[in-house]
Amino acid sequence: MLKWKIKPFEALNVNELYDVLRLRSEIFVVEQNCVYLDLDGKDKKALHLIGEYEGKIVAYSRLFDAGISFDNASIGRVVVDANYRDRKWGHELMREAIAGIKSNFGKDKITIGAQLYLKKFYESHGFVQTSEMYLEDDIPHIEMIRELC
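Heads up, the sequence shown is in UniProt numbering, so the first residue is 1 and it goes up one at a time.
Just so you know, not all the hints are guaranteed correct.
Label-pair distances were calculated between CB atoms; the ranges are [as the list claims (entries may be wrong)]:
{"#": "1", "residue 1": "7", "residue 2": "106", "range": "28 to 34 angstroms"}
{"#": "2", "residue 1": "37", "residue 2": "7", "range": "32 to 38 angstroms"}
{"#": "3", "residue 1": "21", "residue 2": "132", "range": "29 to 35 angstroms"}
{"#": "4", "residue 1": "17", "residue 2": "91", "range": "31 to 37 angstroms"}
{"#": "5", "residue 1": "113", "residue 2": "148", "range": "17 to 23 angstroms"}
{"#": "6", "residue 1": "33", "residue 2": "84", "range": "26 to 32 angstroms"}
{"#": "7", "residue 1": "128", "residue 2": "106", "range": "20 to 26 angstroms"}
{"#": "8", "residue 1": "140", "residue 2": "13", "range": "20 to 26 angstroms"}
Keep in mind that the hints were calculated from the coordinates and are not lab data.
Don't be surprised by glycine CBs; every beta carbon is placed ideally from N, CA and C.
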């Protein structure tokens, strides 16, 4: 069972920040073989959703209020440690992220820039494709929106 916490950037301790950045780098840079600047200046504006299992950060995403990444509130850097993906914690992560947007920002819409191969995953959480495919760091993406209930 995962233990969840949401923290603003200033509340992250050094070990949490290191572990989050390492996880993001392991997946988005090494696993996906994509050289890009992960430190995009938005971490300081985000709420950080962290999922821990046995004291290790294994799931993570950034939550943004409207106007930071998109006109709507948004979720980004959605990641689950490759060693734990067989547990389907990505779904739990998305449920927590959606709830976090609603409880922290009170917004009625969430926009994401989703990797195209994850379209069905995000659709299972109520997101609908709203753009044509575009390349971001040479990876096919689509914009998707979810209306909160």
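Comparing the hints with the structure gives:
no.: 1; hint: 7 with 106: 28 to 34 angstroms; verdict: violated (19 angstroms)
no.: 2; hint: 37 with 7: 32 to 38 angstroms; verdict: violated (23 angstroms)
no.: 3; hint: 21 with 132: 29 to 35 angstroms; verdict: holds (32 angstroms)
no.: 4; hint: 17 with 91: 31 to 37 angstroms; verdict: violated (26 angstroms)
no.: 5; hint: 113 with 148: 17 to 23 angstroms; verdict: holds (18 angstroms)
no.: 6; hint: 33 with 84: 26 to 32 angstroms; verdict: violated (21 angstroms)
no.: 7; hint: 128 with 106: 20 to 26 angstroms; verdict: holds (21 angstroms)
no.: 8; hint: 140 with 13: 20 to 26 angstroms; verdict: violated (36 angstroms)
Checked against the numbered hints above, the structure violates hints 1, 2, 4, 6, 8; every other hint is satisfied.
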